[in-house]
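The lines below spell out each chain.
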Amino acid sequence: MDDRDLAVSRRGVLAAGAASVAVSQVPLSRAGAADSTAKPAQQAVRLSVNGKAHDLTLDTRTTLLDTLREHLQLTGTKKGCDHGQCGACTVLVNGQRINSCLSLAVMHQGDEVTTVEGLGTPDKLHPMQHAFVEHDAYQCGYCTPGQICSAVAVLDEIRKGVPSHVTSDLTGTMQPTNIEMRERMSGNICRCGAYSNIAEAMAQVAEG
Amino acid sequence: MEFNGPSQDAILTDPKVIGKSTRRIDGPLKTTGTAPYAYERHDVVPNQAYGYVLGAGIAKGRITAMNLEDARKAPGVIAIVAATEHEPVGSSDFNHAPLFGGRKIAHYHQAIACVVAETFEEARAAAAMIRTSYEPEDGTYDLAKVAPSAELEKGGWGDARSDRGDFEATFGAAAEKLDQHYTTPDESHAMMEPMATIAAWDGDRLTVWTSNQMINWGKESLASILSIPEDKIRVDSPYIGGGFGGKLFVRADAVMAALAAKAAKRPVKVMLQRPLIFNNTTHRPATIQRVRIGTDKQGRIQAIAHECWSGNITGQDGENATAQTNHMYAGDDRMTASYVTQLDLPEGNAMRAPGEAPGHMGLEVAIDEMAEKLGMDPIEFRILNEPKTMPAHPDRKFSERHLVRCLREGGERFGWSKRQAKPASVSDGRWLVGMGVSAGFRGAPTTKSAARVALDGNGGAKVTTDMTDIGTGSYTIIAQTAAECLGLPLEKVSVVLGDSAFPVSSGSGGQWGAASSTAGVYAACIELHRSIAQKLGIDPQTIRFEDGRVIGAGKTVPLSDLGQLAATGEIDFGDYKKGYDIGTYAGHFCEVGVDRYTGEIRIRRMLAVCDAGRILNPLSARSQVIGAMTMAAGATLMEELAVDKRFGYFVNHDLASYEVPVHADIPHQEVVFLDTPDPYSTPLQAKGVGELGICGPTAAIANAVYNATGIRVREYPITLDKMIDQLPQV
Ligand code: FES
Ligand code: FES
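The listed protein sequences correspond, in order, to chains A and B. In this text, residue positions in the first sequence follow UniProt numbering: the first is 1, and each later residue adds one. In this text, residue positions in the second sequence follow UniProt numbering: the first is 1, and each later residue adds one.
Hint data in this document are derived by calculation from the structure and do not stem from the laboratory. Where a beta carbon is used, it is the ideal one built from N, C-alpha and C, also for glycine.
Distance windows between CB atoms, simulated:
no.: 1; chain 1: B; residue 1: Val-44; chain 2: A; residue 2: Pro-163; range: 44 to 50 Å
no.: 2; chain 1: A; residue 1: His-165; chain 2: B; residue 2: Ser-417; range: 32 to 38 Å
no.: 3; chain 1: B; residue 1: Ser-227; chain 2: A; residue 2: Ile-179; range: 54 to 60 Å
no.: 4; chain 1: A; residue 1: Gln-73; chain 2: B; residue 2: Glu-386; range: 56 to 62 Å
no.: 5; chain 1: A; residue 1: Gly-172; chain 2: B; residue 2: Ala-642; range: 38 to 44 Å
Under 7 Å between C-beta atoms, here's a sample of chain B residues computed to sit facing chain A:
no.: 6; residue: Gly-27
no.: 7; residue: Pro-28
no.: 8; residue: His-42
no.: 9; residue: Met-129
no.: 10; residue: Glu-193
no.: 11; residue: His-663
no.: 12; residue: Ala-664
Build the full structure now, drawing on both the sequences and the hints.
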């Protein structure tokens with residue numbers, strides 16, 4: 001890209017609809033970029049996924065999400081947005097939930113990753129998976145693995161007394177109330193709208 | 001099998017599986033991440049490469065040049081399909097905007113290239129190296145500005161115009177009148193699974209593993225878009241991560257994957273990146289609505305008119321928000337009209353209850369406003385105006401219609417009697433609290449559907465059909481249907497869906513899927529009954545199926561003794577339905593709290609009472625309704641694709657800026673189904689519910705906000721900035 005392209009493109013924006021100007025669609029990131037033929041950097045990383053160790057050599061740009069889905073073919077973890085806006089890619093890393101699309105695999109040397117496949121199997125469902133089936137806490141099922149991983153982690157957070165935005169008493173024992181669970185689950189979008197049922201599935205597991 | 005009269009099948013007298021709350025048979029797969037969605041099918045074909053789609057950076061005009069040099073040299077790149085080097089693809093009956101249109105750009109983020117590389121990271125990086133220059137043209141993006149020149153809709157889903165009596169004269173002379181405008185914004189389906197396809201060629205045969213609601217439409221469309229014979233195409237879509245209408249039609253992922261696979265000479269997988277979806281694919285068009293109602297002194301509606309203005313890329317069919325008004329409320333003199341204008345925004349097309357969903361946001365608020373003018377309770381006003389036959393076509397009888405019951409029973413359950421008619425008179429601490437109600441109507445269309453049912457020789461049966469399950473619960477209701485008809489326990493029935501190699505079904509859309517596809521499975525079972533009866537020498541009229549056995553003519557034969565008998569059947573719906581208005585109905589209720597200082601709106605309770613025929617699986621049907629109520633909450637309180645009227649695109653094209661409801665927004669939701677099987681609908685007396693659920697909760701929420709605050713916002717979504725300067729003094 002040369003500077004003239006960018007200048008034209010800015011003018012195009014400023015012209016606000018004076019549409020006779022030719023505008024260029026130019027990725028800004030290319031300014032000063034290295035030679036396009038340069039080989040991508042590779043790096044070795046060791047991950048434990050659902051209790052199994054994997055030694056991988058990855059393009060350093062590979063997210064944890066794509067490592068699971070494309071390299072390990074563990075496709076239970078879903079890609080809904082690929083940039084931290086939907087929660088479909090939620091997994092547990094060393095027991096804590098994260099959006100795996102927002103994290104590069106090489107940042108996880110030695111980490112223990114648990115995905116939905118690691119919680120249970122169709123023949124041996126985890127209590128949360130079982131509660132989801134019982135309460136019909138899903139429809140299309142695409143957000144579901146993320147919801148289930150989040151739900152398991154949320155109950156754990158409440159048990160450990162980690163406060164949230166709606167926690168009213170920071171010193172007392174934290175309770176898995178409906179609003180406490182809903183607040184914490186709000187990073188997991190379900191466009192099918194199974195929220196009311198997810199809350200009930202979680203309540204059932206919380207009660208034990 | 002032609003269904004040409006009211007159904008009376010004996011299996012419905014004491015159903016054992018149908019109508020029972022049944023956990024989804026695909027539940028264990030979905031909850032463990034083992035149900036394979038389109039992009040995840042590593043096992044179907046080896047050597048898959050990654051495709052990455054580039055979208056146009058202007059809304060209208062031409063590409064003058066694309067510099068592909070750097071991208072071609074980039075590591076891992078196998079092939080690039082680019083608009084400047086490729087003929088525009090063909091079109092289909094189901095697509096308006098070009099899916100890959102050469103140099104001509106018809107809308108923002110139209111696909112202009114697909115880069116294929118060994119890895120996703122390489123494809124994405126190379127796509128960013130493509131430099132494109134354009135010559136933009138002026139476009140039309142502002143609906144309000146061009147609406148006055150709109151013309152009557154052509155080729156939409158409902159009546160473009162309907163007239164009965166003399167609306168203008170009667171309205172002019174009416175004792176009480178309302179004349180109001182309402183606007184609804186452009187909306188996005190925003191289903192959680194992005195459009196995705198793996199495409200592979202085997203000589204001249206193409207297979208796409210994709211995410212599509214309508215397998216056969218998809219096959220026809222791909223044939224016409226790619227100019228190849230239909231019988232050379234296979235479409236497979238067993239799991240679909242939500243559609244809501246957005247996956248009714250083939251989109252750029254399938255087309256670009258097919259072209260890219262050809263260019264790369266190996267299978268290619270493509271997932272549309274989330275920020276591309278909002279402008280590249282379809283959306284629900286915005287509407288401007290005008291509702292006029294004239295009544296006598298007692299509140300009887302004498303004249304009613306509903307008009308709608310919307311826009312679309314073709315200028316032909318838009319969002320017909322008047323669709324429900326021909327079915328709702330008495331009144332001899334009436335009119336509806338839907339006008340459409342050409343806009344250069346991305347393609348508008350069906351989204352959950354096209355027409356009716358935004359239509360209720362106008363009509364059902366107008367009804368609330370009229371009731372208030374008359375000093376009447378809004379439930380009583382609706383009941384007073386309940387028609388005896390279809391109001392726009394009085395010769396059409398209702399098959400089954402229990403809207404009054406929905407409203408009355410809903411009112412009792414919801415505690416409607418505690419509602420204060422005077423707005424802003426109930427508070428709870430800092431919250432102003434209000435209740436709202438709406439009626440709901442959505443048609444109960446049914447369409448041709450086929451299936452194959454095969455005995456497996458081990459006492460089980462397998463159903464195959466190209467029907468899809470988009471979260472609707474098709475797998476389970478189809479298994480229930482076969483289990484009921486063959487006298488088998490549910491576990492003995494397996495169901496395989498979504499493959500174009502199977503008999504052609506209704507597919508999933510327009511709330512026709514559940515009723516039609518189960519009718520198709522029923523037809524196949526009846527065929528199977530016939531061949532079993534013939535084989536065993538039993539009169540088909542007296543043959544019975546119980547506990548895995550066939551009974552008749554003094555014999556009892558286990559199904560497992562019959563070998564691998566199979567039958568294919570198809571249901572077709574005869575003309576007799578034309579004499580009836582067959583619909584689904586609901587009473588929707590909502591309670592909201594509005595923060596008296598900030599105007600923040602919180603939904604406190606929601607209830608839907610539904611009259612929708614025989615409910616095949618109350619557990620999954622309820623989920624359909626709560627899901628639709630949730631989408632209704634979004635449509636009322638937050639969802640809006642913001643149009644950049646200078647550059648012609650939807651600005652908020654990701655899931656952070658296009659806001660949809662999250663857990664914290666949605667309280668416990670209550671759904672009640674009336675037990676109202678409709679013999680005129682299908683052999684199983686069933687209807688759909690998935691769209692009924694979004695027809696009305698919108699207005700119930702809006703009316704509750706008004707009841708809480710006394711502020712009537714007629715421009716959706718109802719956000720606090722539109723109320724804050726009008727909130728009652730504190
Ligand atoms: S895919 Fe990671 S948050 Fe959406
Ligand atoms: S189940 Fe479909 S998005 Fe949640």
